[in-house]
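Number of protein chains: 2
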Amino acid sequence: MSYTIQEVAKKMAISTYSIRYYHDHGMLPFVKRDANNNRVFEDTDLEWLHLIVCLRQTGMPVERIQHYLALVQEGENTVPERYEMMKAQQARTLDEINDLQNHLKTINLKVDHYANVLIHHKSDSFVPSNIPEAEEHDVYQENQ
Amino acid sequence: MSYTIQEVAKKMAISTYSIRYYHDHGMLPFVKRDANNNRVFEDTDLEWLHLIVCLRQTGMPVERIQHYLALVQEGENTVPERYEMMKAQQARTLDEINDLQNHLKTINLKVDHYANVLIHHKSDSFVPSNIPEAEEHDVYQENQ
DNA sequence: GCTTGCCTTCGAGTAGTCCTAAGGTGGTAA
DNA sequence: TTACCACCTTAGGACTACTCGAAGGCAAGC
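Line order of the protein sequences matches chains Y and A.
In terms of the working numbering, the first sequence opens at residue 3 and continues consecutively.
In terms of the working numbering, the second sequence opens at residue 3 and continues consecutively.
Watch out, some of these pointers could steer you wrong.
As the list makes no split between identical chains, a pair holds if one copy fits it or if it spans any two.
Unchecked claim - Taking lysine-lysine pairs in the DSS-like style, the calculated list, with each CA pair at most 25 Å apart, reads:
{"#": "1", "residue 1": "Lys107", "residue 2": "Lys13"}
{"#": "2", "residue 1": "Lys34", "residue 2": "Lys89"}
{"#": "3", "residue 1": "Lys89", "residue 2": "Lys13"}
{"#": "4", "residue 1": "Lys12", "residue 2": "Lys107"}
{"#": "5", "residue 1": "Lys89", "residue 2": "Lys107"}
{"#": "6", "residue 1": "Lys107", "residue 2": "Lys34"}
{"#": "7", "residue 1": "Lys12", "residue 2": "Lys34"}
These aren't lab readings, by the way, just hints derived from the structure by calculation.
Whenever a hint applies, use it, and build me the whole structure from the sequences.
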């Protein structure tokens with residue numbers, strides 16, 4: 003199967019701009035062109051791109067991805083470095099998920115608070131002020 | 003309690019550059035200055051900043067955060083809009099956590115694969131090629 | 001008095017994405 | 001044949017949210 007840039011963009015849920023950017027920066031080395039110079043993507047390219055999207059969205063900079071892809075093409079002797087890179091990315095992603103889950107708790111409190119305000123004091127209750135203290139239903143509390 | 007910009011940066015695990023950026027862009031409206039023009043952060047400022055960091059790290063653009071903070075200062079009649087904003091952010095964050103968990107699976111497969119390669123064929127096994135097909139232990143497979 | 005270390009402002013640099021402009025190609029249809 | 005649509009191309013600029021460097025102020029310690 004082969005695909006146009008637009009089909010690939012839809013499949014991967016990213017923009018055509020990003021795909022061109024990755025291609026122009028050497029991250030999709032197997033993409034071919036048709037007679038009209040249009041990019042033609044094969045399944046192999048989709049796999050590469052899927053990995054690129056995965057690494058980008060877990061926060062790996064383009065430069066590191068380029069390095070990783072170069073290692074893949076270099077051969078089996080680069081496996082130790084690739085292993086370390088993926089382990090680092092794994093740890094990084096776990097951290098990020100953890101951070102997001104903590105942030106989610108803060109947001110949940112806000113949602114609950116506003117839901118309560120909307121149900122209980124429908125503009126008829128005493129509201130002391132609108133300085134930020136009025137928002138302190140989830141007072142920031144951290145380490146120590 | 004009051005804090006220097008550096009103490010706040012450490013507490014929030016962000017750079018002093020970012021804090022100045024948020025302050026310069028009106029997102030920390032209660033930060034005071036000492037006799038030497040240095041920023042002085044109180045606990046109230048930490049709460050605001052904590053929320054800013056939370057919203058930023060869950061992907062809300064600075065412009066939206068500015069709008070949200072303006073709504074907070076505007077008073078109780080903006081609660082419905084704030085409620086909608088926080089619900090949207092909640093949904094967005096759940097999506098992002100989900101995406102990250104899927105990406106993590108891909109990365110886990112890579113880690114496992116490389117671990118296997120390192121244990122079993124310690125450079126003495128038959129390696130067919132180093133074209134990307136050699137990497138296809140987690141072939142990209144998606145919708146349909 | 002000099003160094004160290006923190007703070008300040010201002011302006012420039014960066015990554016990655018997004019968008020516009022200007023143009024080419026292929027298909028359909030009046 | 002001409003018009004139009006929908007897609008593709010490139011080059012280059014705009015944008016966001018930082019990130020950093022330069023140049024300088026102030027206070028403490030030797």
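Going through the hints against the structure:
1. Lys107 with Lys13: Result: close only across copies, 19 Å inter versus 32 Å intra.
2. Lys34 with Lys89: Neither way: lysine 34 and lysine 89 sit 32 Å apart in one copy and 44 Å across, limit 25 Å.
3. Lys89 with Lys13: The answer is neither: 27 Å in one copy and 27 Å across copies each exceed 25 Å.
4. Lys12 with Lys107: between (32 Å within a copy, 21 Å between copies)
5. Lys89 with Lys107: So lysine 89 and lysine 107 pass the 25 Å test across copies only (12 Å; inside, 28 Å).
6. Lys107 with Lys34: neither (46 Å within a copy, 29 Å between copies)
7. Lys12 with Lys34: For lysine 12 and lysine 34, the Cα distance is within 25 Å only inside one copy (19 Å; across copies 49 Å).
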